[in-house]
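In case you want the letters, here they are:
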Amino acid sequence: MPTRLPYAYRYLRAKKKFPHVWCPGCGIGIVMGSIIRAIDSLGWELDEILMVSGIGCTSRMPVYVDFNTLHTTHGRALAFGTGAKMANPDLKVLAVMGDGDSMAIGGNHMIHACRRNMDITAIIVNNNNYGMTGGQFSPTTPQGAKTATTPYGMIEPDFDVCKLTEAAGANFVARGTVYHVIELDGLIKKGLSGNGFRVVEVLSPCPTNFGRANRQGDAVKMMELLRDNTVNAAQAAKLPPEKLEGKIVRGVFVNSDKTGYIERYQKLCDRVSSEVAE
Amino acid sequence: MSGVPWGETKLIQGNEAVALGALAAGIDFFAGYPITPSTEIAEILAREMPIVGKKWIQMEDEIASISAIIGGSLAGGRSMTATSGPGFSLMQEGLGYACMTEVPLVLVNVMRAGPSTGLPTQVAQGDVMQARWGTHGDHPAIVIAPADAEECFRLTIRAFNLAESFRTPVILMPDEVIGHMREKLTFPNEGDLCVTPPSAPDVPIEWYEHYHSSATGVSPMARFGTGYRFHVTGLTHDPHGFPTRRVDEVVSKMNRLKQKITRRLDMLEDNMIHDVEKSRVVVFCYGSVYRSALAAQQILAKQRKKIGIFRPVTIWPFPDRTVKELLDDKDVILVPELNQGQIIHEVERLTSDSVRVVPLHRYDGYEITPEQIVAAVQEVM
Amino acid sequence: MSEKPAEGQTVVELCEVKRKSSVHIFPEWCKGCGICVAFCPKQVLEMGKDQKAHVAHPENCIECALCARRCPEFAVFVSEDSIKESKKKNGGEK
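Residue numbers (the numbering used here), protein chains in the order written: chain G, 1 to 278; chain Z, 1 to 381; chain Y, 1 to 94.
A couple of the hints might just be wrong.
[Stated by the list, open to error] Keeping only pairs whose Cα atoms sit at most 20 Å apart, straight-line, the calculated PhoX-like set for lysine-lysine is: (1) Y:LYS52 / Y:LYS42; (2) G:LYS258 / G:LYS163; (3) Z:LYS278 / Z:LYS305; (4) G:LYS247 / G:LYS221; (5) G:LYS190 / G:LYS163; (6) Y:LYS52 / G:LYS221; (7) G:LYS258 / G:LYS190; (8) Y:LYS42 / G:LYS221; (9) Y:LYS52 / G:LYS17.
If you are wondering where the hints come from, they were derived from the structure by calculation, not from laboratory data. Please read all numbers here as calculations on a predicted model, not as lab measurements.
This is chain G alone, in the form it adopts within the complex (with noise of 0.2 Å):
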């Protein structure tokens, strides 16, 4: 896929200063620029596309892109995307959310979108913290970690998104990190095709939060983090349990084609219609 100055500024709203305001070494602008790049090769029309999210850094996102952006509350994004979508059904809905957005209070909202098999794309950005109220943790915390809100390290469990996704019956669930970049164009592409719910989980950096109050160095550092923690499932089969042990395995977990939750109601009034005209 071609990185040329051009095509990224089609998709960038001119009246929107950048630079953006996502801190410097944050991987969330890497997603922005991966999810361009993927809807580039695409070919979607921008009047088509529907960004919807909800709160917190990563939700910032869509005030930048030039599509149709709608900016919710707080872990509701799939919810008003549900909506967008039922009414329209010739949007392309791509929801952006973080980890404490999607997973914590959009927990609900983000099993049943998974369950119904939602016609929307989730690209879900984990920087394991609530990055924009100051680093509190968020239910992808790992244990031990220290946020502002577990001073003495993290004592809960934390999410494995890609399993819970795939458990509540996506269609699609994967799993990047902005380290990967070109590996992340893909997933991305692929999660943007294809019907039902559609999971991308991105790791990336919080420099400024986590990172800090983790001693994990600045955001280069986190990055090489993110090279040395996380193997693609190729390279998982290959390891002995004990060298993936602590490690992260990215890439395509569910790739179904499980009918969507549109075609569903579709055939529902197309059936219905006609049993009435009978």
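Fit chains Z and Y to the supplied structure of chain G, relying on the hints for placement.
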């Protein structure tokens, strides 16, 4: 039966009339969650809407429901949800979001006894203040309280129209008695209805401001997917919809939100006034209590006692000027409410000390009867 | 352009070098995070004293475009006429 029975006369339940009113108004999208005593609205629309290819979905909770209908409205569908007390409480954040982002929608709240789980199958009018101020921050509110099945049908249509004209959520608030009672209703002919079509911008895409200031404070709203690529956020925003903290832009937005309502009160005000001018004693009531008041007026008339009735159909914005004009010289204003006193404070606020404002409160889950109103009037006369 | 010519280099020569560079950095948008500099497979980029990334060795650039993809700020871009798609030959992510 399928669809609206145009021109026919039927025995109809209030909730059923609301559902049919929504269909008559051209509802495109319903998202809701079951809760007594509103569930019939969701069930009837679940049956009716797929037949005509309209979108219906039961969401996982009320927060998802209000969120979905905002998304649906922005994507081009006329949207509605229905709920009761506990669900209405859950919807407050979403309601505030719709007020801030000026998204038209209809929210039906069939009032039941609270607080909390309360008396799920029994009547109250305890949500009046919540309907005005339930969500945080300064925000406009349009709240309409039907008192019979015909109004349930007609005022649902009016709610959709007002939501569109004012670009704001409209709350339709029958109490449980109105929602569940069955009455005769003669439906109009399809051609006789007046439905406000969804607005569309009248400017080229490059000129479009999602929150343009106009004489009425309301400008036509583009929908997603029509070429106008705008940004919607609950953060305080400039006329283009982008977040701002500039004092002039913040004040401008907040003022316009308020003036949207205050500049066109005449369009919203809707009162039923019976014999108020000639009476010294007036009963101020709304919803199902209005029905009892009408019966009480008849009973008292037989006793040669005359009372007036003032009923706001549109409760919020409250009809300040009319109440002050018509009621400030009365001896007694009796305010029967199915709560511990909510609308009574508005009446007290607008009348001078010489006017005696007398409460009649019932909050045991049962109706205020005509006899109770008669007894209260006899006491003050 | 904020750079000065190197010792013995004329301004014209510096411009020539810059013009030949496939990778360009937008200093107004660069926040100095250092990611592009750290992970360039050919050490083309350097962190300047101004806390912005600079193209130090454009002649080494293999146009893998990883710097552009990994820049969170949209501050780095690789020019249009010299893109090579193959990642295996020109440096991958690991």
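How the hints compare with the structure:
| no. | hint | verdict |
| --- | --- | --- |
| 1 | Y:LYS52 / Y:LYS42 | 18 Å, holds |
| 2 | G:LYS258 / G:LYS163 | 18 Å, holds |
| 3 | Z:LYS278 / Z:LYS305 | 12 Å, holds |
| 4 | G:LYS247 / G:LYS221 | 17 Å, holds |
| 5 | G:LYS190 / G:LYS163 | 18 Å, holds |
| 6 | Y:LYS52 / G:LYS221 | 18 Å, holds |
| 7 | G:LYS258 / G:LYS190 | 15 Å, holds |
| 8 | Y:LYS42 / G:LYS221 | 19 Å, holds |
| 9 | Y:LYS52 / G:LYS17 | 19 Å, holds |
The structure is consistent with each of the numbered hints, conforming to all of them.
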